[in-house]
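In order, the protein sequences belong to chains A and B.
Taking the working numbering, I'd label the letters of the first sequence as residues 1 to 283.
Taking the working numbering, I'd label the letters of the second sequence as residues 1 to 284.
Read the hints as simulated data drawn from the structure, not as lab findings.
Note that this is a predicted model, so its numbers are computed, not measured.
Beta carbons are placed, not taken as given, at the ideal position from N, Cα and C, and that holds for glycine.
A portion of the hints provided could be inaccurate.
As the list claims (entries may be wrong) - For lysine to aspartate or glutamate, the following EDC-like pairs were computed, each having C-alpha atoms within a straight-line distance of at most 16 Å:
id, chain 1, residue 1, chain 2, residue 2
1, B, Lys5, A, Glu104
2, B, Lys5, A, Glu103
3, B, Lys5, A, Asp149
4, B, Lys66, B, Asp43
5, A, Lys251, B, Glu182
To be verified - Example chain B residues on the side facing chain A (calculated, C-beta under 7 Å, incomplete):
id, residue
6, Asp57
7, Gly119
8, Met216
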Amino acid sequence: MIRSLPNSRRYKIVYRTYIALFYLFLIMPIAAISVLAFNDSDFISLPWLGATFDWFFADTNDRVGLFFDEGLISSIFVSLKTGFIVALLSTIVGTMAALLFEEEKFRFKGFLYFLALSPLVIPGVILGISILLSSTYAGNYMEDNFGLDLEFLRPSFWLVVFGQFSFGATYVMLLVSARLKKFDRTLEEAALSLRASRLEAIWYITIPFLKPAMIGAFVVAFLISFSNFNTTIFLVGSDPTLPVDLYSRIKFSSTPVLNAVSFLIVAFITVFAVLNLVMKKKG
Amino acid sequence: MKSSKFTFYLLLVPVLLWLVLLIVLPHIDLFISSFQFENDDGDMVFSFNNYLAFFEDKIYWLTFVKTALYSIAVTILGFVITFPVAFYLTKVVARKFSIFMTLLLLIPLWVGELVTIYGWMILLSDTGVINNFLISIGIIETPIQMLYTNFSLTIGLVYMSMLFMIIPIMSALDSLDDSMIEAACDLGATKWTIFTKIIIPYAMPGIASGGIIVFMLVIGDYIAPNILGGKSSLWFTEQIYNQFLSTFNWNEGASFGFLLLLLSSLIIFIALKLTGQKLDRVGR
Chain A
1 MIRSLPNSRR YKIVYRTYIA LFYLFLIMPI AAISVLAFND SDFISLPWLG ATFDWFFADT
61 NDRVGLFFDE GLISSIFVSL KTGFIVALLS TIVGTMAALL FEEEKFRFKG FLYFLALSPL
121 VIPGVILGIS ILLSSTYAGN YMEDNFGLDL EFLRPSFWLV VFGQFSFGAT YVMLLVSARL
181 KKFDRTLEEA ALSLRASRLE AIWYITIPFL KPAMIGAFVV AFLISFSNFN TTIFLVGSDP
241 TLPVDLYSRI KFSSTPVLNA VSFLIVAFIT VFAVLNLVMK KKG
Chain B
1 MKSSKFTFYL LLVPVLLWLV LLIVLPHIDL FISSFQFEND DGDMVFSFNN YLAFFEDKIY
61 WLTFVKTALY SIAVTILGFV ITFPVAFYLT KVVARKFSIF MTLLLLIPLW VGELVTIYGW
121 MILLSDTGVI NNFLISIGII ETPIQMLYTN FSLTIGLVYM SMLFMIIPIM SALDSLDDSM
181 IEAACDLGAT KWTIFTKIII PYAMPGIASG GIIVFMLVIG DYIAPNILGG KSSLWFTEQI
241 YNQFLSTFNW NEGASFGFLL LLLSSLIIFI ALKLTGQKLD RVGR
């Protein structure tokens, strides 16, 4: 049953076949996209008509490759920018939340912690529509009473950032809290008894200890932001993020350039994952 | 002590801003606008009409019930499919393979739902990879309709959510001491007894948090039902999207959103009570 116990041959074969089938199921969609990104055809699926790099580099009337498609390049750029800002904001506030809930004692702490965890169980659609509703109310209020037209309260780049940050911070908080639980509090107390202020102790002792978790959390927040669709779709303005752009192309105008973009994302993630593995083995 | 108070507020204020402005106020606004209705004079008045519309129109509440039941079924299916894999990766396979195989699990997760669901669309369509393969080996002669059915919907929902089940179960099983299983085996327990009396109870916290996250992702999903599901497989989130993005009846959409939130919270609450878990363990 486990490594140290003997098993019957049949049990082993059945179990291994199941695992192989599971991995086939897991890899199939990714493999299909990756191969068909190089198909010399005008349709997204089979038949296979030979290999080509057209869907990456062509710039003709019939075919526009990924690197010459201005719409796609711009939405990739918007997604990278959004992801970076969301990751930065989430890492800062999520780490603050981890420090607050792990180290401080105050009234209503349990209730606030419950609120901070709630994005885990609120569907992304609901977060999207409720942030859209309240920002629209706030925007109308500001306009009616003060004559201010605030762009970030209407569907726009910044509203997407706020929407994604609202749950990104929760994931950062959980990841940083997990490391903070292993922190030896006496180090902080020693700093305090040597007359460091509380803030100095956090900055010079606790934050350096948390750094690996914060970097990991930054990456997770970036990836969550980069692939988010459910919340973003309600908050997006005139500049679509990559998932929003891809979705409308899948629905209304699919060409194999979609396979090329998907392949690029898969390739990027795979290289990143392998690097991560190598780093872990070294560290 | 004064500077320590200062640090406390330095930490508290940004966290409060996050929770109040982006979590609490938006949900209060969602609740309020679900009771707003435009009367014949064009004024917004308090009314139950949005909720009445939901109960009067059969398609709304039928979709609602279908989405709820389907989400529970997909969560259970996801557990059945992934549990053997989680057990294999933590307890059976040699450690040098398990790191690589676990990494392979993370790739579809990081690539994102939209890309993988699009991949399934290519696989399942009439001219797709699976139909071509089946025709070429002679099992079928004409393509089978797989896309836009409940079959493709189920595959998409299971695929996009199952990895969120596997990871918490793996981290729960990781700390299970092998000697417990060995001891049970020495005392003559059958595999079934070991499975139901030792492994499942031990993995319960992981199963509960994985199950809750999967359920929430499935019931709130839009991409898989919209891209892979057909006209017969409407999903409740699609009704919310329609109200907000097509018909621009935001108040009706808000009432749908609030009902969905109520439903998912209720089911998650029941699941937590049944398994004896607490919310603050979810996501660990």
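Hints, verified against the model:
no.	hint	verdict
1	Lys5/B x Glu104/A	holds, 10 Å
2	Lys5/B x Glu103/A	holds, 13 Å
3	Lys5/B x Asp149/A	violated, 37 Å
4	Lys66/B x Asp43/B	violated, 35 Å
5	Lys251/A x Glu182/B	violated, 54 Å
6	Asp57	violated, 19 Å
7	Gly119	holds, 3 Å
8	Met216	holds, 5 Å
In this structure, the hints that do not hold are numbers 3, 4, 5, 6, in rising order.
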